[in-house]
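Q: Throw the hints in and build the complete structure from the sequences for me.
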Amino acid sequence: GENVEQHPSTLSVQEGDSAVIKCTYSDSASNYFPWYKQELGKRPQLIIDIRSNVGEKKDQRIAVTLNKTAKHFSLHITETQPEDSAVYFCAASINSRNQFYFGTGTSLTVIP
Amino acid sequence: KAGVTQTPRYLIKTRGQQVTLSCSPISGHRSVSWYQQTPGQGLQFLFEYFSETQRNKGNFPGRFSGRQFSNSRSEMNVSTLELGDSALYLCASRTGELGNEQFFGPGTRLTVL
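Chain order of the listed sequences is B and S.
For the first sequence, counting from 1, position 42 maps to 42 in the working numbering; every step adds exactly one.
For the second sequence, counting from 1, position 65 maps to 65 in the working numbering; every step adds exactly one.
Be aware that a few hints might be false.
[What the hints assert, rightly or not] Anything over 10 Å on all C-beta distances counts as not near chain B; from chain S, calculated:
#, residue
1, Ala-2
2, Leu-83
3, Leu-113
[Claimed, not checked] Below, in silico cross-link-like pairs of lysine-lysine (DSS-like), each with a Cα-Cα straight-line distance of 30 Å or less:
#, chain 1, residue 1, chain 2, residue 2
4, B, Lys-22, B, Lys-68
5, S, Lys-13, B, Lys-68
6, B, Lys-68, B, Lys-57
7, S, Lys-13, B, Lys-22
8, S, Lys-57, B, Lys-42
9, B, Lys-58, B, Lys-22
10, B, Lys-42, B, Lys-57
11, B, Lys-71, B, Lys-37
12, B, Lys-22, B, Lys-42
13, S, Lys-13, S, Lys-57
14, B, Lys-42, S, Lys-13
15, B, Lys-71, B, Lys-58
16, B, Lys-71, S, Lys-57
17, B, Lys-42, B, Lys-58
18, B, Lys-68, S, Lys-57
Honestly, the hints are just simulated from the structure, not real lab data.
Glycine residues also receive a C-beta, built at the ideal position from the N, C-alpha and C atoms.
A: Here it is as C-alpha cells:
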C-alpha cells in the first residue's frame, strides 16, 4: 500500500520567518494531497489541498507544491505567527481506493 | 450545517473490557472513516464505511470492528481491550465521492487501565 513519510517531526521558527514541511509518498497512483492542522486538544482541520494535475496552490500565507516525478509535496507557511503553532499532517489519497494515508505529523512552534 | 460529532468524548476502561464509540457524520455525508491517533504514530486508518458497507480496512486486528446504519451514523467496537489501545479515536465524514474533502470529529479519548 501507500507509505507517506513526513519531515521534520519538530520545527521551531521565529515569528515572521517561513516554515517548510516536506512529505514523500510511494504510490504513483496517489492523486489527492491534503494538509491538516491540529491544534492542541482539537480536531484536525483541512488547511489546503492539491490534486495531481496541479503543481502549486496558494492560499494567503500558505502554499503547497507537488512534484509528481519525485513523489514529494511540501507545505510552505510564510510570515509565520504564533497562532500557526500546531501539529501539521500531510496525507495522500488514491481516489480509486477512497483511503487516506497520513504522515506522522510535524509539531511547529512559532516563537514570538 | 452541524459538524461531525462523536460520543462519548472520554472513556476509561480496563483491560479485557469492550467499548463502543459512536460517530454522527455531517448531514448528507455517506462515508465515515475511523482513525486511531497516538503520539509518534500519527493517524492510523482503521476502516471506512459507505452506505452501510465496509469499503476499506486498515491493518488492525479483528478486535476492531465497525458498522454503519442507514442514517450514516457509524459505530466502532473494540473488544478485549489492551493497554496499547489507549488513543484518540477520530472519525471523519465526507460525501463519499472520489477525492472529496473529509471533515473530522472531535475524537473520543480512550484510556485503558
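Q: Enumerate the violated hints, using their earlier numbering and listing them in ascending order.
A: 5 and 7
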